[in-house]
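Student: Sequence:
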Amino acid sequence: MTPSVIALVLFAAILHATWNALLKSGADRLWSLTVMSFATTAAAAVCAALLPLPARASWPYLAASAALQVGYSVFLALAYQRAALGQVYPVVRGAVPLLVTLGGYAWAGQRLGGAPLAGIALVSGGIASLALGRTRIHSRALAAALATALFIGGYVTIDGLGARVAGHPLAYAAWIFIVYGAAMPAVFLLLGRRPRAGLPRGDTLKSAAGGLISLIGYAAVVDALSRGPVGPIAALRETSIVFSALIGWLWLGEKPSGPRFAACAAVALGAACLAYAA
Numbered sequence: 001m002t003p004s005v006i007a008l009v010l011f012a013a014i015l016h017a018t019w020n021a022l023l024k025s026g027a028d029r030l031w032s033l034t035v036m037s038f039a040t041t042a043a044a045a046v047c048a049a050l051l052p053l054p055a056r057a058s059w060p061y062l063a064a065s066a067a068l069q070v071g072y073s074v075f076l077a078l079a080y081q082r083a084a085l086g087q088v089y090p091v092v093r094g095a096v097p098l099l100v101t102l103g104g105y106a107w108a109g110q111r112l113g114g115a116p117l118a119g120i121a122l123v124s125g126g127i128a129s130l131a132l133g134r135t136r137i138h139s140r141a142l143a144a145a146l147a148t149a150l151f152i153g154g155y156v157t158i159d160g161l162g163a164r165v166a167g168h169p170l171a172y173a174a175w176i177f178i179v180y181g182a183a184m185p186a187v188f189l190l191l192g193r194r195p196r197a198g199l200p201r202g203d204t205l206k207s208a209a210g211g212l213i214s215l216i217g218y219a220a221v222v223d224a225l226s227r228g229p230v231g232p233i234a235a236l237r238e239t240s241i242v243f244s245a246l247i248g249w250l251w252l253g254e255k256p257s258g259p260r261f262a263a264c265a266a267v268a269l270g271a272a273c274l275a276y277a278a
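Heads up, the sequence shown is in full-length UniProt numbering, so the first residue is 1 and it goes up one at a time.
What the hints contain is simulated information worked out from the structure, not anything from laboratory work. This one's a predicted model, so the numbers in the text were calculated from it and none came from an experiment. Backbone N, C-alpha and C fix where the C-beta goes; we use that ideal spot for every residue, glycine too. Hints are not guaranteed to be accurate.
[As the list claims (entries may be wrong)] Label-pair distances were calculated between CB atoms; the ranges are:
| no. | residue 1 | residue 2 | range |
| --- | --- | --- | --- |
| 1 | P60 | S139 | 30 to 40 Å |
| 2 | G113 | L191 | 39 to 49 Å |
| 3 | A121 | A57 | 33 to 43 Å |
| 4 | P259 | A55 | 44 to 54 Å |
| 5 | F38 | Q81 | 16 to 26 Å |
| 6 | V156 | A57 | 18 to 28 Å |
| 7 | G253 | L112 | 32 to 42 Å |
| 8 | L161 | P259 | 36 to 46 Å |
| 9 | A57 | A128 | 38 to 48 Å |
| 10 | G103 | I6 | 24 to 34 Å |
With these hints in hand, go ahead and build the complete structure from the sequences.
Tutor: Below, the structure is given as structure tokens:
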């Protein structure tokens, strides 16, 4: 990887941890994610207007991906409602490559070499430490974080199929954000929620900024992938787990113990092993 690609990937990792920190700092996480969806949808609509429609064959994948992203958002909000950024984020990020690797072994007959086995051990051990240690994550938050990872693994797999038949991958991605942005407010209301008048105006502005930050981070990853090898880029991307622990400590006032920080580092290293071997 060239220095510019490394810088892009690290930039994307910091941005991903940052928008999660903005979400965690909000008073109503589901409302924050709904506002974030407005920001991403507005930007995606501009892109979609400049691009051709994705091929009709990709529409079922597009709809399924958007639905899974709504599920991911709901469970992520639930997880952050009950646990710290430095506890939830490593579980979500680390469990995705772990579940994908185990799924490939169980259903696709993929063989597990040294790097995947090391990754499985590190991620599993790190998550177990976060779940069972002295400053353990709340059981409901852990369940929500693992459910979030399942939703992410689902939409990533579907997007891999949908983007190939869409004819124009960027148009496919833009329309996912548009459908997702239309669905999030509806789901927010269906869950019996209402915008809270008492929320600080700063929360809404932070959430809108978080949506734009997430888009910039996504674009940075896509740009990096167009310039460098997928495996090393995916592995380096997992440094966001360490950045989340640092941001939680420096900005949100979380006080990670030595064992918790070691668990985050283990999950990051394990996820990098799994991503590199993918």
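Student: Determine for every hint whether it applies to the structure shown.
Tutor: Cross-check of the supplied hints:
{"no.": "1", "hint": "P60 - S139: 30 to 40 Å", "in the structure": "36 Å, holds"}
{"no.": "2", "hint": "G113 - L191: 39 to 49 Å", "in the structure": "43 Å, holds"}
{"no.": "3", "hint": "A121 - A57: 33 to 43 Å", "in the structure": "40 Å, holds"}
{"no.": "4", "hint": "P259 - A55: 44 to 54 Å", "in the structure": "50 Å, holds"}
{"no.": "5", "hint": "F38 - Q81: 16 to 26 Å", "in the structure": "21 Å, holds"}
{"no.": "6", "hint": "V156 - A57: 18 to 28 Å", "in the structure": "19 Å, holds"}
{"no.": "7", "hint": "G253 - L112: 32 to 42 Å", "in the structure": "40 Å, holds"}
{"no.": "8", "hint": "L161 - P259: 36 to 46 Å", "in the structure": "40 Å, holds"}
{"no.": "9", "hint": "A57 - A128: 38 to 48 Å", "in the structure": "42 Å, holds"}
{"no.": "10", "hint": "G103 - I6: 24 to 34 Å", "in the structure": "29 Å, holds"}
Every hint from the earlier list agrees with this structure, and none is contradicted.
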